[in-house]
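S.K.: The residues making up each chain are set out below.
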Amino acid sequence: MNYQAVIGLEVHVQLLTNSKIFCGCSTKFGAAPNSQTCPVCLGLPGALPVLNKKVVEYAIRAGLATNHTIAPRSVFARKNYFYPDLPKGYQISQYELPICINGHLDIEVEGEAKRIGITRIHMEEDAGKLVHADVPGVGDDSCVDLNRACTPLLEVVSEPDLRSADEAVAYLKKLHQIVVYLGICDGNMEEGSFRCDANVSVMPVGSATFGTRAEIKNVNSFRFVKQAIEYEIERQIELIEEGGKVVQETRLFDPNSGTTRSMRGKEEAHDYRYFPDPDLVPLVISDDWVEDVRLSLPELPAARLARYQAELGLPFYDAEVLTASRELADYFEACLNRYPQAKPVANWVMGEVTRGLNDSGLAITACPVSPELLAELLKLIDAGTISNKIAKTVFDEMWQSGKAPAAIVEEKGLVQVSDTGEIEKIIDEILAANQGQVEEFRGGKEKVFGFFVGQVMRASKGKANPAVVNDLLLKKLKG
Amino acid sequence: MELYELTIHELHDRLKRKEVSSVEATRALLARIEATDPKVNAFITVTADEALTAAQEADKRIAAGEMDVLTGIPVALKDIFLTRGVRTTCGSKILAGFVPPYDATSWERLRERGAVLVGKLNQDEFAMGSSCESSAFGSTKNPWDLACIPGGSSGGSAAAIAARQATATLGTDTGGSIRQPASHCGCVGLKPTYGRVSRYGVIAYASSLDQVGPVTRDVRDAAIMLGAVAGHDPKDSTSVDRPVPDYTRSLVPDVKGLKVGLPREYHIPGLDPDVKQAMDAAIATYRQLGAEFVDISLPHTDYAVATYYLIATAEASSNLARYDGVRFGHRSAEAGGLVDMYNKSRAEGFGAEVKRRIMLGTYALSSGYYDAYYLKAQKVRTLIMHDFLKAFETVDVILTPVAPTPPFRIGEKVNDPLQMYLSDIFTIPVNLAGTCAVSVPTGLSQSGLPIGLQLIGRPFGEESIIKAAYAFEQATEWHKKKADI
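Going down the list, the sequences are from chains A and B.
At position 131 of the first sequence the residue is numbered 131 (the UniProt record's numbering), and the sequence of numbers has no breaks.
At position 278 of the second sequence the residue is numbered 278 (the UniProt record's numbering), and the sequence of numbers has no breaks.
Hint data in this document are derived by calculation from the structure and do not stem from the laboratory.
Errors might be hidden in some of the hints.
Stated by the list, open to error - In silico lysine-lysine, DSS-like type, Cα no more than 25 Å apart, as pairs:
no.: 1; chain 1: A; residue 1: K403; chain 2: A; residue 2: K461
no.: 2; chain 1: B; residue 1: K18; chain 2: B; residue 2: K60
no.: 3; chain 1: B; residue 1: K235; chain 2: A; residue 2: K53
no.: 4; chain 1: B; residue 1: K481; chain 2: B; residue 2: K276
no.: 5; chain 1: A; residue 1: K79; chain 2: B; residue 2: K235
no.: 6; chain 1: A; residue 1: K447; chain 2: A; residue 2: K403
no.: 7; chain 1: A; residue 1: K28; chain 2: A; residue 2: K54
no.: 8; chain 1: A; residue 1: K475; chain 2: A; residue 2: K445
no.: 9; chain 1: B; residue 1: K355; chain 2: A; residue 2: K79
no.: 10; chain 1: B; residue 1: K355; chain 2: B; residue 2: K413
no.: 11; chain 1: B; residue 1: K379; chain 2: B; residue 2: K390
no.: 12; chain 1: B; residue 1: K235; chain 2: A; residue 2: K54
no.: 13; chain 1: A; residue 1: K463; chain 2: A; residue 2: K379
no.: 14; chain 1: B; residue 1: K93; chain 2: B; residue 2: K379
no.: 15; chain 1: A; residue 1: K79; chain 2: B; residue 2: K379
no.: 16; chain 1: A; residue 1: K245; chain 2: A; residue 2: K129
no.: 17; chain 1: A; residue 1: K412; chain 2: A; residue 2: K463
no.: 18; chain 1: B; residue 1: K235; chain 2: A; residue 2: K28
no.: 19; chain 1: A; residue 1: K79; chain 2: B; residue 2: K390
no.: 20; chain 1: A; residue 1: K425; chain 2: A; residue 2: K461
no.: 21; chain 1: B; residue 1: K413; chain 2: B; residue 2: K276
no.: 22; chain 1: A; residue 1: K129; chain 2: B; residue 2: K379
no.: 23; chain 1: B; residue 1: K376; chain 2: A; residue 2: K79
no.: 24; chain 1: A; residue 1: K478; chain 2: A; residue 2: K425
no.: 25; chain 1: A; residue 1: K343; chain 2: A; residue 2: K389
no.: 26; chain 1: A; residue 1: K54; chain 2: A; residue 2: K79
no.: 27; chain 1: A; residue 1: K379; chain 2: A; residue 2: K461
Stated by the list, open to error - Partial pick of chain A residues on the chain B-facing surface, computed with a CB cut under 7 Å:
no.: 28; residue: G43
no.: 29; residue: Y90
no.: 30; residue: D161
no.: 31; residue: L280
no.: 32; residue: K343
All C-beta atoms, glycine included, are put in the ideal place defined by N, C-alpha and C.
I would like the entire structure built from these sequences, with the hints used as guidance.
M.R.: Put into structure tokens, the structure is as follows:
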């Protein structure tokens with residue numbers, strides 16, 4: 001029998017606010033354990049949560065960017081369960097009335113476009129962290145670090161519209177790109193700023209009813225998502241083929257073996273006893289606020305990609321590469337502002353700039369060559385001051401020293417030679433020294449032309465204007 | 001008159017005239033506590049040293065002419081208010097060793113005005129009870145008759161006033177926990193409108209019902225204390241950003257033309273004849289003062305107690321989850337693993353009534369029962385709220401008894417929780433409606449125990465109930481009666 005997989009994703013997006021969702025503590029990563037805590041995030045008796053307005057703004061941003069309706073009234077709810085990293089014995093989340101409802105994202109897999117529904121986005125607080133460690137004077141013990149407790153999260157819940165691991169990854173990448181573009185998440189999957197649980201089931205092709213699903217937790221890279229889902233689909237199909245039944249359960253992905261294993265079954269599932277949190281009043285969001293946020297949204301990747309093709313005339317490939325990250329596209333546009341020729345700028349950004357970044361392991365935001373200086377370099381090429389080839393040498397020097405291209409050209413005497421007299425002199429010397437090759441050319445072996453060009457360029461230390469060289473050489477050889 | 005017997009305003013006048021110092025007044029109250037508390041057990045913690053230091057500070061302020069009406073006034077707080085550096089137990093073994101790192105906003109406001117804390121007061125464990133018998137620190141006794149309960153849960157707050165151990169106290173009221181003990185101990189107890197006073201730093205029992213309020217010797221003191229603690233607190237999202245009037249301006253003994261509602265649903269079969277007689281007398285007094293009476297209906301009153309015990313326990317089951325032995329409070333020494341630590345710490349730390357309510361609330365929120373219990377209760381709560389709003393279309397205040405009986409005997413209802421729950425039948429609807437009410441002394445039973453009347457006002461109508469209460473107080477002598485201790 002042939003099987004069809006059905007996948008839904010729940011993504012946790014850690015927001016880039018300076019302070020926590022319900023108190024003023026810092027959200028900075030890596031501080032000494034429990035140094036970023038207060039009565040509220042420690043869950044001390046009597047402490048009360050106060051909602052961080054920035055979190056709401058970020059949630060609206062995310063909602064608008066993924067085509068959601070922003071609920072005019074939403075409600076925080078308590079999710080009750082006991083765990084040592086959960087100080088209050090409940091997590092403040094949203095349940096029946098989330099802030100964003102009915103969204104979608106369009107993805108493309110193997111050239112085919114597909115719309116993936118998003119059920120909801122809601123706001124919630126993160127839990128702390130358990131550290132199992134050798135404690136001086138105590139021995140092997142479990143310690144609780146509550147720095148992360150109360151850190152703001154968005155949970156983005158997709159519809160079960162995904163049909164393959166590749167679709168799931170495409171959806172996830174798109175969502176990742178958007179939240180990073182929006183500036184609401186750093187997107188760091190290793191540190192857990194963007195993490196994903198996958199609900200996976202299989203059913204016979206053509207069936208109208210979904211199979212029993214398993215929820216897979218702990219998949220924290222795009223590669224692992226693909227691996228985990230593919231493994232899980234295969235596992236479920238094999239199980240059914242062997243006459244078994246898929247049970248509803250939570251499974252843990254093991255990145256070392258690439259497999260999933262059962263964590264807890266349905267009967268051990270928690271009854272979270274959700275109810276509206278009486279400590280927080282319902283969140284009322286005005287249309288004006290939503291409109292303000294809408295106006296402040298940056299251009300999103302899909303719109304930018306379309307504009308690069310339509311208005312700048314760039315090929316799809318270039319547009320896609322340049323818009324892959326907001327910072328790269330911003331760099332490209334900053335350069336384009338000073339040197340308004342899209343294709344050469346695109347070539348340089350995708351070529352030399354990207355190569356330099358890859359070699360040095362730097363992010364585009366830390367690029368030693370500013371987009372303004374890159375534009376100056378391109379202008380020098382345009383003006384005929386330097387050749388394209390020399391420009392690459394100048395670029396390397398800019399990368400090392402951070403100096404302006406004109407200064408480097410001046411300092412190193414790299415100005416292109418276009419003076420025909422000077423070039424003629426070099427050509428004459430080269431031709432005189434290579435009579436054999438001159439004969440060959442005149443005998444019809446036109447390939448040797450390249451040899452002469454190379455010789456002349458070398459003799460001029462690359463400074464001769466290639467167009468002038470070509471011209472003069474041809475004239476002299478054909479005599 | 002002894003220093004420990006004075007009201008806030010009387011002591012303030014003497015402090016202001018430099019007839020007495022705050023240190024002298026504080027010493028007088030500490031001595032009074034020492035003399036009477038072995039019998040009454042109103043205090044869980046007495047903060048004698050801290051009090052004297054604070055009194056010295058207050059005297060400096062007074063000498064420097066920086067005086068507020070509360071400067072130098074010795075007060076005590078229900079042990080539900082967090083006090084930095086002073087043990088705060090909430091009447092529970094699970095918090096027996098808990099010393100908070102911060103102050104409740106209401107205490108902070110009193111402290112900044114120069115009030116002097118003499119100690120922390122006994123209460124029902126986690127404010128769950130109507131008799132002060134569920135405290136892990138022993139029952140508080142009613143100063144009027146030590147064999148009787150002082151009411152609850154703010155039993156210590158009322159008993160300390162009746163025993164003249166503090167000039168004024170703060171309590172909290174979730175279903176009657178300020179008004180009922182005030183009534184049983186012959187003091188004034190005011191439960192403000194939900195959102196009027198910050199709950200920050202007040203240990204939560206039922207977050208949507210809890211409210212802070214004063215227990216005092218007279219209505220003027222209640223107005224002073226309310227004015228000091230009321231007002232928006234950015235740390236409590238449910239506190240309302242609305243100006244605080246000067247409540248002492250409402251201390252005008254004039255109720256001419258005041259429309260007073262008498263809810264017919266409050267004529268219940270269990271009403272004690274002494275209470276009924278006291279109420280009839282009160283009505284007669286108000287009539288003489290020129291008030292007009294209107295029969296009104298609060299049709300959903302019958303459902304109030306059931307509704308309360310679903311909502312309050314549901315919220316409590318979640319609020320009390322943080323007492324898990326991980327970060328603070330009691331942790332069982334016996335525990336083997338994580339789940340064992342949870343189970344044993346909570347089993348050892350919580351008393352029977354708290355466990356009963358956690359179980360009730362957990363059940364009410366469980367999947368499959370949520371709609372039938374919690375959600376239904378919320379709907380009924382809305383109906384009860386509407387009952388009051390509708391009534392206030394025609395009346396200014398509503399007059400009812402505070403409790404159906406005078407204080408009962410210690411142990412009398414301890415094994416009959418349902419009977420115990422019914423003692424809050426007149427006070428619970430006010431919390432469900434989120435509005436305000438005050439309890440004022442209105443007589444003594446045949447056995448000489450205090451009886452209180454309840455004046456209920458519209459939301460944020462504290463001024464009107466203060467005015468009506470003050471007029472009654474000025475026309476009667478009940479607030480001058482003292483427990484013989």
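S.K.: Which of the numbered hints are not met once you compare them with the structure shown?
M.R.: 6, 14, 16, 19, 22, 30, 32
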